[in-house]
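**Student:** Just so you know, the protein sequences line up as chains A and B, in that order.
All residue numbers for the first sequence refer to our numbering, where the first residue is 1 and numbers rise by one.
All residue numbers for the second sequence refer to our numbering, where the first residue is 1 and numbers rise by one.
Hints in this document: simulated from the structure, not taken from any laboratory.
A hint or two may mislead.
[To be verified] Straight-line distance between alpha carbons at most 25 Å, and here's what the computed BS3-like set of lysine-lysine pairs gives:
1) B/K97 x A/K111
2) B/K97 x A/K92
3) A/K164 x B/K92
4) A/K111 x B/K92
5) B/K92 x A/K26
6) A/K164 x B/K97
7) A/K26 x A/K92
8) B/K97 x A/K165
[Stated by the list, open to error] Footprint (simulated), chain A over chain B, 3 or more residues, beta carbon under 8 Å:
9) 55-69
10) 76-85
Keep in mind that this is a model prediction, so the values were computed, not measured.
Ideal Cβ positions, reconstructed from N, Cα and C, are used throughout, including at glycine.
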Amino acid sequence: MNVTQILFWFLSVLALFGALMVVTSKNPVHSVLWLIATFFSISGHYILLNAQFLAIVNIIVYAGAIMVLFLFVIMLMNLNKTTEPKKNRWLKLAGGVAGGCLLLVFIAALKSSEITQQTAEVKTGDIGLIKNLGRELFSTYVVPFEISSILFLSAMVGAVVIGKKE
Amino acid sequence: MTEPGLYQILFISAALFFIGVYGFLTRRNLITMLMSVELILNSVNLNFIAFNKYLWPGRMDGLFFAVFIVAIAAAEAAVAIAIIINLYRSHKSIDVKNAEELKY
């Protein structure tokens with residue numbers, strides 16, 4: 001068992017445990033902190049999968065921007081364990097059954113799929129670096145890039161219009 | 001312990017997706033529901049990158065899908081939080097039960 005495998009399993013366990021804690025913890029602030037841990041471990045997975053730029057973007061955008069926004073809103077609304085709405089036991093059961101069926105279907109589809117267990121090439125580790133990504137982004141993917149800028153503009157305007165005081 | 005490969009990472013992302021769906025169905029707090037959606041989006045990202053690495057190692061399409069998903073998730077979170085703040089201002093609560101008036 002070499003370092004990569006140890007890292008892989010450690011990050012996997014951390015991601016799954018963090019996700020479980022996000023869903024089950026009563027206090028929303030704890031949920032956000034566990035979600036940040038999950039995002040960091042997913043970023044570690046990205047680095048193991050040769051997507052270094054995306055790992056850094058994931059940390060900056062998710063853990064840095066979105067989660068801070070969440071945390072800020074939760075603290076603004078003064079949410080804590082006491083304001084958390086009571087959960088129905090039947091609702092929990094139904095959620096578990098529905099999500100479990102989905103998981104079962106996924107795992108069954110995975111089992112019967114014919115993906116050969118390929119190992120990635122070691123020498124091509126620079127595919128996820130910013131030089132290659134930038135060249136491709138501004139040649140092949142320039143139209144989606146511009147469309148996403150329009151999306152951001154409209155989202156910004158929408159957020160300001162919705163959020164402003166009457 | 002087997003060598004970590006495509007199967008293992010697909011299993012992890014499926015489990016993350018399941019946890020996200022479970023949280024989305026059971027939590028009644030709008031912000032934690034939004035966090036579950038972020039979990040689901042991240043599991044999809046993990047899938048895209050894993051497929052990109054293991055099946056088409058020379059291409060970058062999966063990476064770009066993941067980049068655009070991250071961008072869309074950021075925009076979605078901003079708009080959703082604006083809506084939540086507006087709801088909180090009028091109802092003093094972000095329970096989804098109180099958001100039923102949005103229907104009318």
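**Student:** Starting from the hint list further up, note which numbers the structure goes against and sort them upward.
**Tutor:** 1, 4
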